[in-house]
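Colleague: Make the full structure from the sequences, and use the hints.
Going line by line, the protein sequences match chains A and B. In terms of my numbering, the first sequence opens at residue 1 and continues consecutively. In terms of my numbering, the second sequence opens at residue 1001 and continues consecutively.
No lab work stands behind these hints, which were simulated from the structure alone. All figures in this text were calculated on a predicted structure; none of them were measured in a lab. There may be inaccurate statements among the hints.
To be verified - For the chain A half of the interface with chain B, some residues (derived, Cβ under 8 Å), not all of them:
{"#": "1", "residue": "Met1"}
{"#": "2", "residue": "Arg5"}
{"#": "3", "residue": "Asp40"}
{"#": "4", "residue": "Asp45"}
{"#": "5", "residue": "Ser199"}
{"#": "6", "residue": "Arg254"}
C-beta atoms are modelled at their ideal positions from N, C-alpha and C, and glycine is treated no differently.
Below are the chains, spelled out letter by letter.
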Amino acid sequence: MLTKRIIPCLDVANGNVVKGVEFKNHTIVGSIIELSEKYDSEGADELVFYDIKASTKNALVSKSWVTEVAKNISIPFCVAGGISSVSSAREILNSGADKVSINSPAIEDPLLIKKLAKEFGSQCVVVGIDSFANNNRYSVHAKTGCEKTTHETNIQTIDWINVVQEMGAGEIVLNCMNQDGKRSGFDLNQIKLLQNNISIPFIASGGAGSPEDFVDLFTNTNASGGLAASIFHKNIISLPVLKKYLKLKKINIRNV
Amino acid sequence: MKIGILDCGGSNLNSIKFSLDRLGIDSITSNDACQLERTDKLIIPGVGASDVVMKKLSENSLDDLIKSSKKPILGICVGMQILFEYSQEGDTSCLGLLKGKVEKLKGAYEYPIPHMGWNYVNSKHKDICGYYYYANSYGVISSENEIASTEYVNTISAVVKKNNLYGCQFHPEKSSLAGLDFINFFINNS
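Modeller: In structure tokens, the structure reads:
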């Protein structure tokens, strides 16, 4: 049986891992390599790096740290931020990333998903979906990396899920924006509603605040993994403690 | 001891080299058959589709090298799949060194495809057993050369071995310490 994945997400800016509150007041939480090595040794199943500056500046993530990460850890990692073409994806994958994640560029050009899947294989292509609930209507938001650019699109989340799967995405990261940064639990209602339309692996993101939140996620939904940032960076939960707890609760988790 | 990594265009070439570096094992990455001949063991990486990998191999006569070589060879993921007779992926004839075909994996609601993440590998070789990282939509079901397997709707061949040929469906280069141990298993037992 495939184990449930625990995935720390590292927001990266100017070569460091940062954490902000509602897109503002970013503080440096550590160096990319040090944190990557720490999470690898503590049992992270995968890492996601999100270059929060790249997309909004229309710049590709700097690839030098991608190679350094690949040299220093031996678990899969995904890079997101500013990847908007086959050539930019190639640069990141050849630097050593295992997957690329695209979000706003896919909304602008859904065929980009198809091109990437054809060129590199579906398993490399992750589509990040920022979904926001408004009166039980779930819609996709774009350019969420920055307060000034973030906006609601006229696409319903459920329709977008169908499109990205048809285009050949290998995985979806479903970021439930209403819960993001609140540490009050994953958005189980939204996930349960949307998951019936998902036939590829999906990772739930947004709201993780305690080990119990991961238990709720994995016992109530079909999510392949749970993604979280601040709880790991701020040492609210350590990976070994979390994994031990999930194991105790009979969740199928990789031993470290 | 020197390992030759066959350059067939995949994007995980460096990951394999970095894993070998970590184990202190010397390696070269090349698409030149003569240069690869001068190494002790070969690794066929695989990221991408079978038809693309087959094409890349034949462009540089690396298919002939694999077929004629008596050196220990390890195929990883698609690098393992192309050792079989045929792959449904791209409707491709493969090298035919192992009997059987590569087929599209069957999914189910709790078993999404791609088969992505860490799954348990079971084997009578106790030193192979453990969790390894998978990222595949195609696989071989119960090969007669299987020495380790993984459950995912069906029983997928996780490790195959025949004479000098080894193959693993998972990615040892991305499987943390278990993966490094598996690379060592290949190095020490082949």
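Colleague: Name the hints, by number, that the structure is in violation of.
Modeller: none
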